[in-house]
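Chemist: Each chain is listed here by its residues.
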Amino acid sequence: MAVSSEIVLRVEDLHKRYGNEEVLKGVSFTVRQGEALAIIGPSGTGKSTLLRCINRLTEPDRGRIFLEETEITSAHIDINKIRQQIGFVFQDFNLFAHLTALDNVRLGLMKVKGLSKREATERAMHELARVGLAEKAHAYPAQLSGGQQQRVSIARALAMDPKVMLFDEPTSALDPELIGEVLQVMQELAEEGMTMIVVTHEMGFARSVCDEVIFMEKGVIVEQGPPEQVFLNPQQPRTRQFLSKISELYGGVR
Amino acid sequence: MTPFCETFPEGSFLRLACDSAPRLLAGLATTFQLTIFAIGLGLVGGVLLALGRVYGNKPIYWVSTAYVQFIRGTPVLVQLFLIYYGLPAFEIRLDSLTAAIVGLGLNSAAYQAEYFRGAIQAISRGQMLAARAIGMTNLQAICYVILPQALRLVIPPWSNELIYTLKYSSVAFIIGAPELMATGQIIASRNFRYFEVFLIVACIYLVCVLVISKLLDVVEQKLKIPGLEMR
Numbered sequence: 001m002a003v004s005s006e007i008v009l010r011v012e013d014l015h016k017r018y019g020n021e022e023v024l025k026g027v028s029f030t031v032r033q034g035e036a037l038a039i040i041g042p043s044g045t046g047k048s049t050l051l052r053c054i055n056r057l058t059e060p061d062r063g064r065i066f067l068e069e070t071e072i073t074s075a076h077i078d079i080n081k082i083r084q085q086i087g088f089v090f091q092d093f094n095l096f097a098h099l100t101a102l103d104n105v106r107l108g109l110m111k112v113k114g115l116s117k118r119e120a121t122e123r124a125m126h127e128l129a130r131v132g133l134a135e136k137a138h139a140y141p142a143q144l145s146g147g148q149q150q151r152v153s154i155a156r157a158l159a160m161d162p163k164v165m166l167f168d169e170p171t172s173a174l175d176p177e178l179i180g181e182v183l184q185v186m187q188e189l190a191e192e193g194m195t196m197i198v199v200t201h202e203m204g205f206a207r208s209v210c211d212e213v214i215f216m217e218k219g220v221i222v223e224q225g226p227p228e229q230v231f232l233n234p235q236q237p238r239t240r241q242f243l244s245k246i247s248e249l250y251g252g253v254r
Numbered sequence: 001m002t003p004f005c006e007t008f009p010e011g012s013f014l015r016l017a018c019d020s021a022p023r024l025l026a027g028l029a030t031t032f033q034l035t036i037f038a039i040g041l042g043l044v045g046g047v048l049l050a051l052g053r054v055y056g057n058k059p060i061y062w063v064s065t066a067y068v069q070f071i072r073g074t075p076v077l078v079q080l081f082l083i084y085y086g087l088p089a090f091e092i093r094l095d096s097l098t099a100a101i102v103g104l105g106l107n108s109a110a111y112q113a114e115y116f117r118g119a120i121q122a123i124s125r126g127q128m129l130a131a132r133a134i135g136m137t138n139l140q141a142i143c144y145v146i147l148p149q150a151l152r153l154v155i156p157p158w159s160n161e162l163i164y165t166l167k168y169s170s171v172a173f174i175i176g177a178p179e180l181m182a183t184g185q186i187i188a189s190r191n192f193r194y195f196e197v198f199l200i201v202a203c204i205y206l207v208c209v210l211v212i213s214k215l216l217d218v219v220e221q222k223l224k225i226p227g228l229e230m231r
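Chains A and B supply the protein sequences, listed in that same order. Quick note: the first sequence, position 62, residue 62 per our numbering, numbers continuous. Quick note: the second sequence, position 76, residue 76 per our numbering, numbers continuous.
Worth double-checking, as some hints may not be accurate.
25 Å max Cα-Cα, derived DSS-like pairs, lysine-lysine [stated by the list, open to error]: (1) A/K111 x A/K163; (2) B/K58 x A/K111; (3) B/K58 x A/K136; (4) A/K218 x A/K245; (5) A/K136 x A/K218; (6) A/K136 x A/K113; (7) A/K136 x A/K111; (8) B/K224 x A/K136; (9) A/K81 x A/K111.
Hints in this document: simulated from the structure, not taken from any laboratory.
Turn these sequences into a full structure, and let the hints guide you.
Modeler: Here it is, written out as structure tokens:
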């Protein structure tokens, strides 16, 4: 699906420090409607912190973030209203352990969006079907595989009708044979035109599914561009180094 | 005396037990009343104190922590005397049963708070993050995500607290609440058969404790989250 020119998310000069360590040192980028943006880079370079700053699960120290026209870093904003519009998928799923798959998806619809039980059930079942798990609606998280749990967590985020979806290393906690089913769901989302930011080590996914790639290291964006450019013709020596290391390890992005 | 009890020989243990039964059971009813209200007060207070200690800002944290430390650091009998004999100095006069309920309830709150705090902190931090990420307020996340899980975890230690409260409710006899222990004391002081009377009293407590533990085991099994048997 085509990426429109309309900007959904704009991050300006974001800074975050933990004690003496500056994790984000002025990060700026924009995401357009329907764009799938991959953020790659070595571990511990602030990628997850960046995502968490975007829905303010972590408070940034400095910089501004806009969701469409709304400045979400403003002190006067109701952050709970904003978070409903930003889907977040965690590395370790974080499904509500005491609730069935259906209730996990339904909870936010009923308690946050105020839907009736019937409406919420209908919507939740639709989202579960979308990730291929309608028949697991009444299973509890501990009865599901990691891949299934992650798909339920994607359904839970989708149910809130987000304007943008943030994925924080969604496949890093999965057994290798379960990664595919989650990437499949994410690819379908991207093809349907969902705006998404994906922090990932899955270079194949970044390259084949995403429209734009950011390579981040030590709290700054080292390089940014379309996947063909970043993967095949990286401009920065550091990007080249990282990618060759990755392809050594995983047998290649090419 | 009921005719039924006269079937037992005069002066026998069974005759004593049978004759005392109506009064002891009335005392037991008061013990139950005392235990239920005290544990209920302690439950509400304990959850609030635990939330204060885990999620509260500095002043709330300090107040709830100081309360828990004070209660756990002083004898329950002293607390009971403060309420029953001490409060009238401030024009607050409670009858002995109410004073016992308030005293034991405030006491139990501190202990329950520690159990709840442990349970809340045992819930992974990701649960709170996930709840906030879909737009829930802190309070909604606590009510719909954290507490339902914490309350399940807390059942085993909480069963102990319920049993302790039932047994500790016997100290209320000192301020004259007409519970099981006090009833036994009155009966024994009239017939001087202390050993037999208190043996009966002890057996009544024992049966109650066994029944309660069994009941709570059933509750725990019923509320178990499917798939999480390993916990």
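Chemist: Is the straight-line distance between the alpha-carbon of A/K81 and that of A/K111 25 Å or less?
Modeler: holds, 13 Å
Chemist: For the pair supplied as a hint, A/K136 and A/K113, confirm whether the alpha-carbon distance does not exceed 25 Å.
Modeler: holds, 24 Å
Chemist: Straight-line Cα separation of B/K58 and A/K136 no greater than 25 Å?
Modeler: Violated, because 44 Å separates the two Cα atoms, which is more than 25 Å.
Chemist: Quickly compare the C-alpha distance for B/K224 and A/K136 to 25 Å and report which way the hint goes.
Modeler: With a Cα-Cα distance of about 19 Å, the restraint between B/K224 and A/K136 holds, given a limit of 25 Å.
Chemist: Hinted pair, alpha-carbon criterion (25 Å max): A/K136, A/K218. Please report holds or violated.
Modeler: violated, 41 Å
Chemist: Check whether the Cα positions of A/K136 and A/K111 lie no farther apart than 25 Å.
Modeler: The given pair, whose Cα atoms are some 22 Å apart, holds under the 25 Å limit.
Chemist: Compare the distance between the alpha carbons of A/K218 and A/K245 with 25 Å, and conclude whether the hinted pair is satisfied.
Modeler: holds, 17 Å
Chemist: Under the criterion that the straight-line Cα-Cα distance not exceed 25 Å, is the pair B/K58, A/K111 satisfied?
Modeler: Violated, at roughly 29 Å.
Chemist: Straight-line Cα separation of A/K111 and A/K163 no greater than 25 Å?
Modeler: Distance of about 20 Å is within 25 Å: holds.
Checked against the numbered hints above, the structure breaks hints 2, 3, 5 and satisfies the rest.
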